[in-house]
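First to last, the protein sequences are chains A and B. Position 55 of the first sequence, counted from 1, bears residue number 55 in this note's numbering, the numbering being contiguous throughout. Position 115 of the second sequence, counted from 1, bears residue number 115 in this note's numbering, the numbering being contiguous throughout.
Where hints are given, some of them may not hold.
Copies of one chain are not kept apart here, so a pair can be met inside one copy or by any two copies together.
To be verified - Here are the computed lysine-lysine pairs in the DSS-like style, where the Cα-Cα straight-line distance is at most 27 angstroms:
# : residue 1 : residue 2
1 : 44        : 105
2 : 5         : 97
3 : 59        : 105
4 : 104       : 59
5 : 13        : 59
6 : 104       : 44
7 : 104       : 5
None of these hints come from the bench; they were simulated from the model.
In case you want the letters, here they are:
2 protein chains.
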Amino acid sequence: MHQIKAQIEKADKAIIAEDFDTLMGIYTDDAVLVIEPGNNAIGKDAIRKAFEHIAVYFKNGLQVAQNDMEILETGDTALVLANTILSAPNLPDTERKATYVFNKKSGVWLCSIDNSYGHEVIVNRTSNNIA
Amino acid sequence: MHQIKAQIEKADKAIIAEDFDTLMGIYTDDAVLVIEPGNNAIGKDAIRKAFEHIAVYFKNGLQVAQNDMEILETGDTALVLANTILSAPNLPDTERKATYVFNKKSGVWLCSIDNSYGHEVIVNRTSNNIA
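Could you put the whole structure together from the sequences, leaning on the hints where they help?
What follows is the structure, encoded as structure tokens:
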């Protein structure tokens, strides 16, 4: 399995288990997480807080899995296109066209840009934040 | 204007003018271009040949523009989500949900992954190539 795919599986399991120490291990120090379109968390501290908030928002029952993905890679940079499935007690099965960028640092692929919303960040860029 | 947006505008103008010397200037040496899902060109020589082929395929009349875009940036890495409009004498107006990755090298943002097909690379990954 591609190391990036393994990292994403690890992240999904960590999100489900609310194991944020493990989850933070797959991000670069200055990573960007799109919490929702127009609202980004930058850096591990902000990303961890965002995931803690997200866990509570989804009644501590968020499930996440990748239906299928493609990895485009060159040198120490890779783009992942994924069909991501989310669900929770208060969220019916939802598919997002996610886009992730990974950078290889000292031989380890880490996520530097985590945008599970794909192109929705364009459509909603001027809307008000709800979180 | 963000330097990346300016680079993309420069690339679009160069594609329309078939000015491949200028066009190659916006790519990293080992960039990846998705010619079509499942068919990638890797490195400047292959990318240049692909654009020469594409120009002829579209009757030397390919038009390209970005309807809107969002740039997610961290350190020397950026992800661009763009609504890209293509047309040609043999291609009616077509919108693609494009994804581009840029890397900053010596202060200049260069495209390392050019995937105008977005998530179509997943759906069609096992299909036969037509180019």
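message: Hint compliance check: list the failing hint numbers for this structure, sorted ascending.
response: Numbers 3, 4 - these are the hints that the structure violates, sorted from lowest upward.
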